[in-house]
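Visitor: If you read the sequence shown in my numbering, its first letter stands for residue 1, the second for the next number, and so on.
No lab work stands behind these hints: they were computed from the structure. As the structure is a prediction and not an experimental result, all values here were calculated from the model. A couple of the hints might just be wrong.
[Said to hold, decoys possible] Derived BS3-like pairs (lysine-lysine); straight-line CA-CA distance at most 25 Å:
(1) 273 with 262
(2) 58 with 38
(3) 199 with 219
(4) 62 with 157
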Amino acid sequence: MSTDDKAKFSVHFIEVTAAQSGQRIDNFLLTQEKGVPKSRIYRAIRKGEVRVNKGRIKQTYKIQAGDSIRVPPLHTSDKTVITTVSDRMRKQLTECVLFEDDDLLALNKPPGLAVHAGSNIDQGIIESLRIIRSDLDYLELVHRLDRDTSGCLLLAKSRTALLNLQQQMINHDLNKRYLTLLRGYWKDGERLIEQPLKKNTVSSGERMVRVDGEGKYSKTVFVPIESFPQAQLTEVILYTGRTHQIRVHSAFINHPVAGDDKYGQRNFNKDMKKFGLKRMFLHAWKLGITHPTSGESLLLEAPLPSQLSNVIEKLRAQ
1 MSTDDKAKFS VHFIEVTAAQ SGQRIDNFLL TQEKGVPKSR IYRAIRKGEV
51 RVNKGRIKQT YKIQAGDSIR VPPLHTSDKT VITTVSDRMR KQLTECVLFE
101 DDDLLALNKP PGLAVHAGSN IDQGIIESLR IIRSDLDYLE LVHRLDRDTS
151 GCLLLAKSRT ALLNLQQQMI NHDLNKRYLT LLRGYWKDGE RLIEQPLKKN
201 TVSSGERMVR VDGEGKYSKT VFVPIESFPQ AQLTEVILYT GRTHQIRVHS
251 AFINHPVAGD DKYGQRNFNK DMKKFGLKRM FLHAWKLGIT HPTSGESLLL
301 EAPLPSQLSN VIEKLRAQ
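Let the hints inform the model, and build the full structure from the sequences given.
Guide: Given below as structure tokens:
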């Protein structure tokens, strides 16, 4: 066991940097002590096992630069703590960088990768990047993309940048545009969908989202780009960022996303496979923001991956 790994199973101390300042102690420890359940961290704080500058604190305490945090042994030896990244993952994440400066890191996210760890996923993009980019004091997701969605994914390299961008999201100032392939011939032009969305869990335990009057306000604009006999290449402008929003809104108007196994149409998906589609056709194409430090407009653009552009070429050639 390495020295770093041994520290995970014994009392150790963390000195808070300026870049880490301002976070709640519980959220900070969740990012630092990878693989530890939230319940274990909360219990350690309540019992006084976690101390800041030798004193007890509440889980709502916001850490400050220079704080010395005493961290008890939070890991158990029967759970493997992931401290490495596969060569394949390292190569993927290194080669997909769209933009980077002192405040931001933007990726052209590959499809099939979860942005963070979950119940059945030990390691996501954010956990992998924190290992690969161990030179960074701070790295957090600004927003999320579904596992099977590719394209622009933005991360903040400072707490200040994250809070600024989160406020832009709250104010609906982010310009989020997607490219998707929808079922059927699109008779109308641009179409605005404002239907509330609500998360539900079905009997199998799978999470589903549906249009529901008691759900959260959701706004999507569909802009047709190119028509084919059985499908429509469409630009989607996302004004709110609800879970599965594009997929559910498109299915609601009977134009589901090609390759969507959860909300899509089986026969349409089968037909699109004949044109080489092997994944869900949903790509985060453009992301426009106001830079959190300079105040200048910044437009990030992720080219459509070949596995999707090739499908379009085959549809054009039919």
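Visitor: Does each hint hold? Answer for all of them.
Guide: Against the structure, the hints:
For the proposed pair residue 273 and residue 262, the alpha carbon gap of about 16 Å is at most 25 Å, so the pair holds. At roughly 14 Å between alpha-carbon atoms, residue 58 and residue 38 fall within 25 Å of each other, so this suggested pair holds. A C-alpha spacing of about 16 Å is found between residue 199 and residue 219, which places the hinted pair at or below 25 Å, so the restraint holds. Only pairs whose Cα atoms come within 25 Å are accepted, and residue 62 paired with residue 157 is accepted, the gap being roughly 18 Å.
Violated hints are absent here; each numbered hint is respected by the structure.
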